[in-house]
Structure formats: C-alpha cells, structure tokens
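These protein sequence lines are chains E and X, in that order.
Mapping of the first sequence onto the working numbering: position 225 corresponds to residue 225, and the numbering continues sequentially without gaps.
Mapping of the second sequence onto the working numbering: position 276 corresponds to residue 276, and the numbering continues sequentially without gaps.
In case anyone wonders, no lab produced these hints; they're calculated from the structure.
Where a beta carbon is used, it is the ideal one built from N, C-alpha and C, also for glycine.
Relax, there's no trap hidden among the hints.
Ranges between beta-carbon positions, derived for each pair:
| hint | chain 1 | residue 1 | chain 2 | residue 2 | range |
| --- | --- | --- | --- | --- | --- |
| 1 | X | Arg94 | E | Leu130 | 34 to 44 Å |
| 2 | X | Ser44 | E | Trp316 | 45 to 55 Å |
| 3 | X | Gly282 | E | Arg25 | 47 to 57 Å |
| 4 | E | Ser206 | X | Asp155 | 26 to 36 Å |
| 5 | X | Arg49 | E | Cys37 | 45 to 55 Å |
To spell it out: a stretch of chain E is covered by chain X in this simulated footprint if at least three of its residues, at any positions, have a beta carbon under 8 Å from a beta carbon of chain X; those stretches are:
| hint | region |
| --- | --- |
| 6 | 194 to 208 |
| 7 | 212 to 223 |
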Amino acid sequence: MAATVPPTGLSQQAAPLKRLTGAARGDQLFRLVLTICAIVIPVLLLALVLMLVRGAAPAIARFGLGFAATKTWDPVAGQFGAFPMIVGTLLTSLLALLIAVPLSLGVAVYLTEFAPGFLRRPVAMVIELLAAIPSVVYGLWGVFVLIPLLQRAVFPFLRSLLGFLPFFQGAIYGPSVLAASIILAIMIMPFIMSVSREVLLAVPNSQREAAMALGATRWEAVRTAIIPYARSGIVGAVILGLGRALGETMAVTMLIGNRHDSSMSLFAPGYTMAAAIANEFNEAATPMHYAALTYVALLLFVITVLVNAAARLLIWRVSRGGVSGAKAE
Amino acid sequence: MSTTLDSPVAPMRPMAPRVKMAPREPAREPVANEEPAIEVRNFSFWYGRTQALRDVSFTAPRRAVTALIGPSGCGKSTLLRSINRMNDLIPDTRVSGELVVEGTSVYGSVIDLVAHRQRVGMVFQRPNPFPKSIFDNVAYGPMLNALCTRRDLPDLVEECLRRAALWDEVSDRLDSPATGLSGGQQQRLCIARALGNRPTVLLMDEPCSALDPIATQKVEELIFELKRDYTIVIVTHNMQQAARVSDYTGFFDRGGVLVELGGTNQIFTNPKQERTEAYITGRFG
Ligand SMILES: Nc1ncnc2c1ncn2[C@@H]1O[C@H](COP(=O)(O)OP(=O)(O)OP(=O)(O)O)[C@@H](O)[C@H]1O
Ligand SMILES: [Mg+2]
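Produce the complete structure using the sequences and hints provided.
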C-alpha cells in the first residue's frame with residue numbers, strides 16, 4: 001500500500017536485525033521441541049518392548065522358543081503354543097497380498113496410463129475413501145455379505161476346480177482362513193492402489209516418451225519402462241499393505257473363525273496372532289494365559305519388525321543398480 | 001549466445017575438422033529427382049483451440065541434415081513430434097494436411113505406428129535414459145522390436161555405441177547404470193539407443209541444449225557422421241550450430257508459419273525473406 005511510508009534510517013536497519021535474533025531464538029526453541037519429539041519415539045518403542053518382555057516373562061521362562069512351534073493352546077491345562085496363530089497370520093497376509101497386489105497394480109496402471117481423463121480423479125477419490133472405512137465395518141460386511149457368498153458360490157466352485165490340492169479340500173465352513181484373507185485383500189487394496197498410483201504418476205513423461213519413441217505400445221511402455229522406473233516405490237506400497245495385513249485385527253477376528261488349529265485347508269477356520277490377543281485378553285483366566293498372550297504380542301512385534309527389515313532390504317536391492325527412480329532424471 | 005553474425009557465414013563448409021576424423025563428404029546439393037525422406041504438405045496442428053502449426057509445407061531430403069530454427073514457441077518441437085506422432089500422447093490434439101515419411105502417410109489410416117516409430121528415431125532435448133544398465137538402454141529398441149537375436153545383441157550394442165562415439169568411454173562398464181553417466185554421455189547414449197532400432201530418419205529436438213561446449217562438439221561431429229546413413233531433422237536455438245551441421249535450414253516464425261526453407265548457405269548468407277534475415281542477424285522483434 002502506498003499509504004504506509006517505509007521507516008527510514010536507523011529503524012529500517014534495526015528492524016531486520018531484531019527479527020533475525022528473534023528468529024534465532026525461535027529456531028532454537030523449535031529445534032528443542034523437535035529433538036524431544038525425535039527422542040520420545042524410540043523411548044516409547046523401548047518402553048513397549050520392555051513391557052511386552054516383562055509381561056511375557058513367565059511364559060518365556062516356561063515354554064522358551066518352542067512356544068512358536070507348539071500346536072496346543074489349552075488355557076485350562078495351562079499348555080500354550082502359538083504355532084497355528086503364527087502360521088495363520090503369515091498365511092492370511094500372504095494370501096491377501098497375492099490377491100491384492102495384482103489387482104491394485106492393475107487399477108493403478110489403468111488409472112494413470114489408460115483411463116479417460118474424466119474417470120481418473122473420481123475413481124482415485126473413491127479408492128482413498130475406501131481406505132478410510134473402519135475395519136469393523138469391513139468385518140460386518142464380511143459376515144453378512146461376503147461369507148454367505150463365499151459359502152454358497154465361491155468355495156464350492158473352488159473345491160470342484162482345485163479340489164486335487166490339499167488347500168481346497170475338506171468341509172466348507174463360512175468363517176475360514178480364505179474368507180479372512182479375502183477381506184484382508186479388500187482392506188489393503190486401497191492402500192496399495194493409492195500409493196502405487198502416486199508412484200506411477202511421479203514417473204516423468206520423458207520416460208514414457210522415450211519408450212514410445214522407440215516403438216513401444218502403451219502396454220509395452222508400462223511393462224518395460226514405467227513399472228521398472230517406479231518399482232522401488234511399488235515395493236514400498238506393497239510393504240505398506242503387508243504391514244497393515246499383519247496387524248489387522250477386527251475384521252479378521254470376525255471372519256477367520258477363531259480356532260487354534262492349523263489345517264491345510266483354506267476352507268477351515270484358523271486364527272491370527274492379532275485376533276487371538278483381541279479375543280482372549282479380556283477373558284484370560286490364569287496369569288499364565290495372560291503371559292502367553294503377551295508372548296504372542298511380543299512375537300507379533302518381532303515378526304512385523306523382521307518383515308519390515310526384509311522388505312527394506314528388498315527395496316534396497318531393487319533400487320541398487322541405478323534403478324532408483326528418484327536418482328534418474 | 002549472441003545471435004549477431006557479424007560476418008557472412010560463407011566459408012562454413014567444408015568444415016575444418018576440429019578432431020581427426022575420416023574425411024567428410026562435401027555437402028550435397030538438392031537432387032531434383034530423388035524422393036525426399038520426409039514430405040509435409042499443408043500441415044496444420046492444433047492443441048485444443050490453439051493452432052501451433054499453420055499450413056506448413058516442406059521436404060527433408062534423404063541423407064542430409066535439415067535444421068529447424070525460429071523463436072521459442074513457434075512450433076518447431078510440435079512439427080518434429082508430429083513426424084513420429086509423439087503428440088498422440090497429448091489429449092485433444094488435431095491435425096490437418098499431409099505428412100509423408102518414406103512414402104507412408106503418417107496420419108493416414110493404414111500406418112503401423114510401432115513400425116513407424118522404429119524407423120523414425122528421436123532424441124529429446126533432455127537426455128532421458130532408462131534407469132537400466134548402459135547395455136540395456138541400447139538393447140531396449142532391438143529387443144522390443146525383435147530386430148535381432150539375443151546372441152547378436154552385444155555386437156549391435158557395440159556398433160551403436162561406437163557410432164554414437166561413446167564406446168571408448170563406457171566399454172568397460174556396460175553393466176553400470178546409465179543414470180550414472182554425465183549429461184553429455186547420457187545424450188550420446190540416447191542417440192545410440194535411437195540407432196539401436198536401425199532407423200532411417202533421426203529427429204533431434206535441441207539435442208545439445210543441456211550440454212557443455214565439448215559435449216556439444218562431440219554430438220555435432222556425430223551428426224555429421226550419421227548423415228551419411230540417416231536423414232536427420234534437428235531443432236536448434238543455436239544458429240551457429242544450425243550453420244555448422246545442417247545442409248538445409250527452415251525458419252519458423254511465431255504462429256507456426258514456415259517462413260523460408262533452403263540450403264543452409266543460402267539461408268544464412270542470402271535469405272529471401274526479410275523476417276529470416278532479421279532473425280539470423282539478431283534484429284528480431
Ligand atoms: N502440450 C501442449 N498443450 C498446449 N499447447 C502446447 C503444448 N505444447 C506446446 N504448445 C503450444 O504450441 C506452440 C508451439 O510449441 P512448441 O513446443 O512446438 O514450440 P517450440 O518452437 O519447440 O519452442 P521452443 O523453442 O521453446 O522449444 C506454443 O505456443 C506452445 O505454447
Ligand atoms: Mg521445443
């Protein structure tokens with residue numbers, strides 16, 4: 001505004017000086033706050049692990065590492081083994097990834113490379129909305145819609161088609177490992193989709209043009225140039241989904257049937273670690289039952305950390321050899 | 001860069017070789033009865049409502065370098081990208097007129113786009129190697145188009161890298177990532193990658209604009225070598241470069257009009273149009 005006459009002389013020089021010192025003090029304060037935040041997080045993590053180890057101590061002392069390989073889970077007899085749950089957790093997550101990754105990648109590629117312009121934003125928004133639905137809602141939908149459908153149509157069909165495999169034999173219950181895996185797949189798809197969509201969007205146009213100028217069709221450009229360019233980001237998206245699947249509790253509890261049993265059949269009920277903890281913690285009758293459940297929680301924590309570390313290693317391996325998208329211009 | 005050429009650019013060719021090289025052929029004058037590699041007739045191009053090219057007609061003779069010059073935004077890139085239909089990627093574009101490459105109508109109904117783009121190589125303004133190994137970059141086109149067997153691939157890659165004057169610098173690290181190369185090396189790699197497809201036409205959109213003078217000189221020497229076998233169309237903002245490397249020069253003006261096209265000597269020493277003269281002497285407004 002023309003009306004405000006700029007101050008002259010001394011005050012003009014003093015003002016920025018003052019602001020500078022003020023800013024420096026603000027900076028220091030800001031830095032202090034951030035440092036505290038940064039320290040609090042590892043401390044919290046450490047406290048969590050300590051609490052888990054202390055709570056699980058009686059079970060660790062009694063069962064040792066064999067806990068992870070023992071099949072019986074009998075609170076009345078005081079016998080505890082987490083093998084079926086560990087298998088259930090890994091199996092449901094793996095199956096969920098198997099179903100979700102190709103579908104999500106397909107949708108992400110479609111939305112970034114092939115879909116007509118008017119479709120892209122609305123569909124992407126709906127996908128993001130799906131990610132925000134609470135898991136108990138997915139669970140309810142699974143119980144009332146998905147399970148009847150699977151029980152009536154999908155499972156019998158799978159059994160008649162793939163019944164020669166041990167995974168698709170046996171009695172068909174509604175709640176089952178496969179039902180839980182499918183609901184997990186549905187739940188992690190929005191995450192994998194929206195993250196890999198953003199990763200694909202970030203691939204520079206010059207890469208598309210390079211491929212197409214060399215005679216690639218759109219699909220070939222996607223397969224040989226765009227996905228390879230984006231692959232460390234896509235692996236990251238998959239890991240995000242895996243992390244969610246490993247820890248997901250509510251919907252899985254509602255659909256997996258909650259039985260300490262590790263049958264080969266995917267139609268049979270099972271258990272996951274998270275579901276067992278959620279289900280039994282309130283009803284833990286004996287201190288040993290309580291300790292065993294805490295031991296399960298500790299194992300779940302360890303498995304999650306291991307899976308994440310392995311995934312990080314994978315990203316690192318994938319992005320070595322100059323394949324890191326960010327490095328290439 | 002100073003666009004003022006204070007002395008007429010007559011003694012431009014034959015060039016005095018700056019680096020020892022095989023003797024160069026003298027510039028060829030237009031041969032009347034030879035069919036041009038690229039023929040554009042009354043070609044217009046629209047991005048949505050904006051018209052980027054207006055009724056452009058020109059021909060690019062075989063095994064010669066045609067340079068396109070003109071102020072920014074006059075449609076040079078648009079024309080170049082129309083030749084291999086790179087503009088198809090941009091929604092809402094429209095063309096009229098005819099564009100014929102090696103006897104095939106590019107916007108005709110029967111064109112095989114994949115085969116067309118394999119025959120018409122393109123080098124972009126900014127080097128855009130794939131984040132793959134040097135070898136895989138050059139092998140990309142031949143593998144994609146199944147131009148040679150896996151066994152012959154190493155020979156083909158070597159040949160292309162040699163032609164692009166990059167072989168000596170990378171022969172011991174073909175497996176290392178292309179993104180680790182310098183900008184000039186990356187651009188020559190992109191040229192090698194384009195050559196891998198065994199094209200007949202090479203389109204270059206300001207291939208040296210991101211390069212230092214030494215890398216630029218290398219690419220220019222390369223262009224001079226390549227025109228023995230390829231038809232080259234190059235867009236450049238560097239008038240000295242146009243004068244150095246091209247046999248024919250076309251001057252575009254704002255609005256996508258091709259003002260004048262002729263032998264490079266004639267355009268730079270004796271332009272017929274006033275606008276052209278104004279542009280190349282730097283009196284351009
Ligand atoms: N993708 C696009 N969408 C809309 N208009 C475009 C697009 N690309 C180019 N144009 C317009 O078309 C005209 C010609 O652009 P073009 O890129 O062909 O110019 P140019 O001669 O290559 O310029 P420069 O020398 O700066 O590279 C310009 O007015 C530009 O704004
Ligand atoms: Mg341009």
